[in-house]
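Asks: Sequence:
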Amino acid sequence: MMTQVLTADPGSLIISSRIEERLHQGELTQEQVNDFQEFLVEVEQEFLQHRIITNNSYTRWFCQGKATDEELRHFLQQFSVFSNQFLVAALLKTINSPTLQQSRTSREILLNELGVIYHKSEESSNRLAALREEGKAQEGDPELVSTEGTVDGGIYRFRAAHFEWLIGVAEGLGLHYEDIGKREHGRPTTLHFCEELQRLYGSNDPPIAQGASFAVENWAAAGFWQELEDGLKQIKQTRHPHLRLAFFTWHNRVEAQHAGHTLEELEEVYFTPNFNRAKFMRGGRKILEAIAVFWDGLNRDRLNRIYSISL
Numbered sequence: 015m016m017t018q019v020l021t022a023d024p025g026s027l028i029i030s031s032r033i034e035e036r037l038h039q040g041e042l043t044q045e046q047v048n049d050f051q052e053f054l055v056e057v058e059q060e061f062l063q064h065r066i067i068t069n070n071s072y073t074r075w076f077c078q079g080k081a082t083d084e085e086l087r088h089f090l091q092q093f094s095v096f097s098n099q100f101l102v103a104a105l106l107k108t109i110n111s112p113t114l115q116q117s118r119t120s121r122e123i124l125l126n127e128l129g130v131i132y133h134k135s136e137e138s139s140n141r142l143a144a145l146r147e148e149g150k151a152q153e154g155d156p157e158l159v160s161t162e163g164t165v166d167g168g169i170y171r172f173r174a175a176h177f178e179w180l181i182g183v184a185e186g187l188g189l190h191y192e193d194i195g196k197r198e199h200g201r202p203t204t205l206h207f208c209e210e211l212q213r214l215y216g217s218n219d220p221p222i223a224q225g226a227s228f229a230v231e232n233w234a235a236a237g238f239w240q241e242l243e244d245g246l247k248q249i250k251q252t253r254h255p256h257l258r259l260a261f262f263t264w265h266n267r268v269e270a271q272h273a274g275h276t277l278e279e280l281e282e283v284y285f286t287p288n289f290n291r292a293k294f295m296r297g298g299r300k301i302l303e304a305i306a307v308f309w310d311g312l313n314r315d316r317l318n319r320i321y322s323i324s325l
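Mapping the sequence shown onto my numbering, position 116 (from 1) lands on 130, and the numbers just tick up by one.
Since the hints were derived computationally from the structure, they do not count as laboratory data. Possibly wrong hints are sitting among the right ones.
To be verified - Dumping the calculated DSBU-like pairs for lysine-lysine here, alpha-carbon to alpha-carbon at most 35 Å:
hint : residue 1 : residue 2
1    : K196      : K250
2    : K250      : K80
3    : K80       : K300
4    : K80       : K293
5    : K247      : K134
6    : K247      : K293
7    : K196      : K80
8    : K134      : K196
9    : K196      : K247
10   : K196      : K300
11   : K196      : K293
12   : K250      : K134
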């Protein structure tokens, strides 16, 4: 008689219905599933309970909405460097993907970042067609762009590039295209994060890249976008009513889907002969350390009143 599949506590990484189905179909053994469950517990403890995910001092302060305009400009400039330089890491991840399907998954993220709009159904396609017929220049506006679907068959819009959305936020605080996004604008801690993204997230060693990707996407889905959105909304309500926040609200909505996809990818690669648990864990731990360097750097700059630009 087949034994029952045990899962972890609610809210943690658990054995999915996909794995249960593979067990019931005889594709996996109970021993393999138990081993995978033990691995998920380790990932939960090492990655999801990392202090930069559970206790980010900078975003905890930021969500209060007390950042001065100088602090906001410094934050946006450093965040823009990370956001723009992420494209390099995403391209490397695409180039170094070990399978065609993983390459396509990586291209989904990269092309969407560059401005290819997700579409998921005939309904959404009809909505975009209606926008075109009305001659709306806002077709790439993140307030209108879908957070679901695929870039396959999607429409490209310059205005839908995520960096252009970020420019829209920065302009509300007196910053312009030439003030943001370049390496020359980055603090050493920001540049360290960007370099580690390229080295780990874009690694040509699949288990390293998979561990880094899993950690990055689960960090992004764990709440820091919500803390940034909360702080910015308060600032918009109290000081800058024309501040455009859709870059942050769109990402806050979309990131949970990316985290879900990484779990599916992990389920696929874990049971392959070439999967290396130790390398996967190392990739995830190292990128989380780099993420911590970025946020801790912003927090130190705040406490020491170091501003990269002042108007």
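Asks: Hint by hint, say whether it matches the structure.
Replies: Okay, the hints, checked on the actual structure:
Of the pairs offered as hints, the one joining K196 and K250 holds, with about 26 Å between alpha carbons and a cut-off of 35 Å not exceeded. A C-alpha spacing of about 11 Å is found between K250 and K80, which places the hinted pair at or below 35 Å, so the restraint holds. Simply put, K80 and K300 have alpha-carbon atoms about 31 Å apart, close enough for the 35 Å limit, and the pair holds. A threshold of 35 Å between alpha carbons decides the hint, and for K80 with K293 the separation of about 41 Å lies outside it, so the pair is violated.
A hinted pair counts as satisfied when its Cα atoms are at most 35 Å apart, and K247 with K134 qualifies at roughly 29 Å. At most 35 Å may separate the alpha-carbon atoms for a hinted pair to count; K247 and K293 exceed this at roughly 40 Å. With a C-alpha separation of about 27 Å, the suggested pair K196 and K80 falls inside the 35 Å cut-off, and the hint holds. As the CA atoms of K134 and K196 are separated by approximately 33 Å, the hinted pair is consistent with the 35 Å bound.
A threshold of 35 Å between alpha carbons decides the hint, and for K196 with K247 the separation of about 26 Å falls inside it, so the pair holds. With a CA separation close to 24 Å, the supplied pair K196 and K300 stays within the 35 Å bound. Restraint check: the Cα-Cα separation between K196 and K293 comes to about 31 Å, which is no more than 35 Å; the hinted pair holds. Pair hint K250 plus K134 holds up; C-alpha atoms about 32 Å apart against a cutoff of 35 Å.
Of the numbered hints given earlier, the model fails hints 4 and 6; all others are met.
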